[in-house]
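> Assemble the whole structure, with the sequences as input and the hints as a guide.
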Amino acid sequence: MSEENSRIAVIDDQPIFLSGVRAEMGDRVDVVGTATDVEEAIALIAAEKPDVVLIDVHMPGGGGRAVIESTLRTIPDMRFLALSVSDEPEDVIAIIRAGARGYVTKTISGDDLVDAITRVRAGDAVFSPRLAGFVLDAFAGGGDAPVDPELDQLTPREQEVLRYIARGYAYKEIAYRLSISPKTVEHHVSSVLRKLQLSNRYELTRWATDRRLV
Amino acid sequence: MTTAPPTQTASRPARPPLSRKHEGRLIAGVAAGIAERAGVPNTLFRVGFVVLAALSGIGIVGYLAAWLLLPREDAVATPRAAGDVTFQIVAIALLGIGAFILLSLFGVSLSSGLIVPLVLLGIGGVVLWHRTESEQRSAVAGGALRTIVGGRTGFVRLLVGGALVLVGVLGVLVAGNAITATLAAVVGFALVFGPWIWSLSTDYMAERRERIRSEERAEMAAKIHDSVLQTLALIQRSADQPADTVRLARRQERELRSWLFSADQPPAAESLRAALEEMAADVEDLHDVQVELVVVGDAPMSEGAQALVSAMREALVNAAKFSGETHVSAFAEAEDGAVEAFVRDRGVGFDPSKIDTERQGISGSIVARIKRAGGTATVRSAAGEGTEVVLSLQLEES
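As given, the protein sequences belong to chains A and B, one line each in that order. The first sequence begins at 1 in the working numbering and counts up one residue at a time. The second sequence begins at 1001 in the working numbering and counts up one residue at a time.
Think of the hints as simulated: they come from the structure by calculation, not from any bench. Every value quoted in this text rests on a predicted model; they were computed, and no experiment measured them. We put the beta carbon where it would ideally sit given N, CA and C, even for glycine. A couple of the hints might just be wrong.
Example chain A residues on the side facing chain B (calculated, C-beta under 10 Å, incomplete) [unchecked claim]: (1) A140; (2) A166; (3) Y169; (4) A170.
Quick list of simulated restraints, FRET-style, between CB atoms [to be verified]: (5) H1327(B) x R22(A): 22 to 32 Å; (6) Q1394(B) x E40(A): 49 to 59 Å; (7) R1213(B) x K172(A): 49 to 59 Å; (8) A1239(B) x E24(A): 18 to 28 Å; (9) E1207(B) x G26(A): 51 to 61 Å; (10) A1206(B) x R7(A): 53 to 63 Å; (11) A23(A) x A1269(B): 11 to 21 Å; (12) R1380(B) x P156(A): 19 to 29 Å.
Lysine to aspartate or glutamate pairs mimicking DMTMM-like chemistry, simulated, CA-CA at most 20 Å apart [as the list claims (entries may be wrong)]: (13) K106(A) x E1255(B); (14) K106(A) x E1284(B); (15) K106(A) x E1253(B); (16) K106(A) x E1292(B); (17) K106(A) x E24(A); (18) K183(A) x E158(A); (19) K1321(B) x D1244(B); (20) K1321(B) x D1351(B); (21) K49(A) x E39(A); (22) K1371(B) x E1396(B); (23) K1321(B) x D1285(B); (24) K1321(B) x D1282(B); (25) K172(A) x D1298(B); (26) K1223(B) x E1253(B); (27) K49(A) x D77(A).
Here it is as structure tokens:
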């Protein structure tokens, strides 16, 4: 682990989860504050400026998405890691498009969560196998012709990396398999994250508009 | 782009009731109120009123009528007092005058014989359609129909209004030509039976909505009783067996999730994705292992697809039994009639050249099964490095 613990804020309207997450991560992270609603969360983040914000997707009053969008307007480099019990594609895609740098489900183990927090803090993207699967689905061939080929399509290498993630490989294992450095793997994943956030590809916008999110 | 502000369509409030706006009014807020209701800039209506006023004076008449007829914005919620009926009558009279001016503007002159019947028709309509405050309240409580035919005042009003309308129509029939007579008959009919038909249809709609809602509620209650409550009871009884508790919770989570989110998913017998999900859930239940299944794309079920599901199942069970891990990843990608599948654990692994007979049998059954279906299967493993089974299969000739 790094020499200094990550300072994190936890935003969730479920008190059980809040205390559970604290207990599981123990002293490997410093929880600088918790909030249970949107206004409280925005104020907490502005006051504490944590390294990483763990945020629940489904919160009353506009949800995690509202917190992310409002915070990024004033603190553009704040890092969010989204957590949810739901892994419905439209929820995942919507929260990533709002600006979160990763998505994990709440059943994740304490170790994996600490690892994900460290990676998000370092500016990397955290893709769970499920998220990788959704992205492969969303960018799958066919459909409409890409408007912006740079943003609307994944390169063969990016697809390859995502397939390995979906198969349960860690970044280091992927790097070993593809004979590239872990940094390069991270670069590919970050590039996929960017495309996921900026692309106007039909499937992505449809997921969001289905829920009237865009 | 990513942080695009929500557009108006996202959460536009319900259209406000027709009323006079207090905020942003010029005279009485009529134009602003109508414009807000219609969702267009209020300049449009202001200019319209002014132009009409300049042309013929009908703009002024119409504006005054609307002033009297429309409630003030902040008064919309409160029911109108009974005394307001005089206001209404004045307003309708003004509207009538406006209509005459408008007709004469277009060169239609009404013979004086028509005016009296038309006025009678108008008053009859007001009597039939007007509702007092108490009636509005009872309409909310007990259906709209009763307020029109029920009660003594309602009956009297029906008689008086109907008679007025009838006389009016007859007057037009006597004084007018064929066209005005037909028009008068239609208007009369609508005035007398309109409230009835209208209230019947609103009654019916309200009843229908209520029925649908209570059916949904009953279905939800039954579902929760059969699943969640049963599971909670089981969990309470097996609280001292953590493995069982976790398994019960996971199964319930899966069930609830598939009920909440995948109502429109095809059954397992038709879709490879659904079959894989069912198979993975089964393995989780039977072998105390967590399967992280990711499926990309989908394909119709076929003999080949069934072979793939069975082979993946063998691989997952194998991992659950021998890897020593409680977490197994499974990934399947179906595209263009071909499918690739991977089952991977990070467990103890083994040296493929020195495997015991039981294991050889199992991996043999995976390999043999896929070969029979015309695909390939490879098992990659090394002691201490986990195991990965890779399956590849052409599902349909292309």
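> Against the 20 Å threshold, does the CA-CA distance of K106(A) and E1292(B) hold or violate the hint?
14 Å, holds
> If you take the shortest Cβ to Cβ gap from A170(A) to chain B, is it below 10 Å?
9 Å, holds
> Does A166(A) meet its interface restraint, that is, does its C-beta lie within less than 10 Å of any C-beta in chain B?
With a closest approach of 4 Å, the A166(A) hint holds.
> Could you see if the CB distance from A1206(B) to R7(A) stays within 53 to 63 Å?
55 Å, holds
> Between the beta carbons of E1207(B) and G26(A), is the distance compatible with 51 to 61 Å?
58 Å, holds
> With the threshold set at 20 Å, check whether the alpha-carbon distance from K106(A) to E24(A) stays at or below it.
Roughly 12 Å separates the two Cα atoms, so the pair holds.
> Given the range 22 to 32 Å, decide if the beta-carbon distance of H1327(B) to R22(A) lies inside it.
23 Å, holds
> Any CB of chain B closer than 10 Å to the CB of Y169(A)?
This hint holds: Y169(A) lies near chain B, its Cβ roughly 8 Å from the closest one there, short of 10 Å.
> For a C-alpha distance cap of 20 Å, please report whether K106(A) and E1284(B) respect it.
Judged against 20 Å, a Cα distance of about 18 Å means the pair holds.
> Does E1255(B) lie within 20 Å of K106(A) when you go C-alpha to C-alpha?
17 Å, holds
> Given a hint of 49 to 59 Å, does the C-beta separation of R1213(B) and K172(A) actually sit inside it?
Holds - the Cβ-Cβ distance for R1213(B) and K172(A), about 54 Å, lies within 49 to 59 Å.
> Below or equal to 20 Å on CA atoms is what counts here, so check K49(A) against D77(A).
10 Å, holds
Comparing the model with each numbered hint stated earlier shows that hints 11 and 25 do not hold.
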